[in-house]
Amino acid sequence: MDKTTEEIICDLQAQVYVLRAALRALAQTHRDSNELLKAWREALENSTAGPVVPAYARQSEYIAERCQAFVEDWTAELVELAVPGVKRRN
1 MDKTTEEIIC DLQAQVYVLR AALRALAQTH RDSNELLKAW REALENSTAG
51 PVVPAYARQS EYIAERCQAF VEDWTAELVE LAVPGVKRRN
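For the record, in the sequence shown the residue sitting at position 90 is 90 according to the UniProt record's numbering, with numbers rising by one throughout.
Don't take each hint at face value.
Taking CB as the label site, the calculated pair distances span [as the list claims (entries may be wrong)]:
| # | residue 1 | residue 2 | range |
| --- | --- | --- | --- |
| 1 | Q59 | S33 | 20 to 30 Å |
| 2 | D2 | S33 | 37 to 47 Å |
| 3 | H30 | Q59 | 27 to 37 Å |
| 4 | L19 | Y62 | 35 to 45 Å |
| 5 | V18 | E42 | 35 to 45 Å |
| 6 | K3 | S33 | 21 to 31 Å |
| 7 | R24 | R66 | 36 to 46 Å |
| 8 | D2 | E42 | 33 to 43 Å |
| 9 | Y17 | L44 | 13 to 23 Å |
| 10 | V71 | E35 | 31 to 41 Å |
These are computed hints drawn from the structure, not numbers from a lab. These figures come from a predicted structure and were not determined experimentally. Note that CB positions come from ideal geometry on N, CA and C, so glycine has one too.
Can you make the complete structure from the sequences, with help from the hints?
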């Protein structure tokens, strides 16, 4: 793997790590899990109304599929963090 590709992959992995940490912090500080999950759903709905990805990538089916996969994964993680007794499927 060339150095530029490795740096890009490392940057993306670091961003995901930081975003996951933020998600965990949000879940840990929010007292009402129903309100937290409602706000998450609203944020997802609002993100589909506006440009979330750059214009050049908006027609990409691959990006849409990857976004959906991350939404599902992060929603499951948020539920696990916010709702006592919920264990994540592996």
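Here is what the structure says about each hint:
no., hint, in the structure
1, Q59 / S33: 20 to 30 Å, "violated, 36 Å"
2, D2 / S33: 37 to 47 Å, "holds, 45 Å"
3, H30 / Q59: 27 to 37 Å, "holds, 35 Å"
4, L19 / Y62: 35 to 45 Å, "violated, 20 Å"
5, V18 / E42: 35 to 45 Å, "violated, 23 Å"
6, K3 / S33: 21 to 31 Å, "violated, 44 Å"
7, R24 / R66: 36 to 46 Å, "violated, 21 Å"
8, D2 / E42: 33 to 43 Å, "holds, 41 Å"
9, Y17 / L44: 13 to 23 Å, "holds, 21 Å"
10, V71 / E35: 31 to 41 Å, "violated, 19 Å"
Checked against the numbered hints above, the structure violates hints 1, 4, 5, 6, 7 and 10; every other hint is satisfied.
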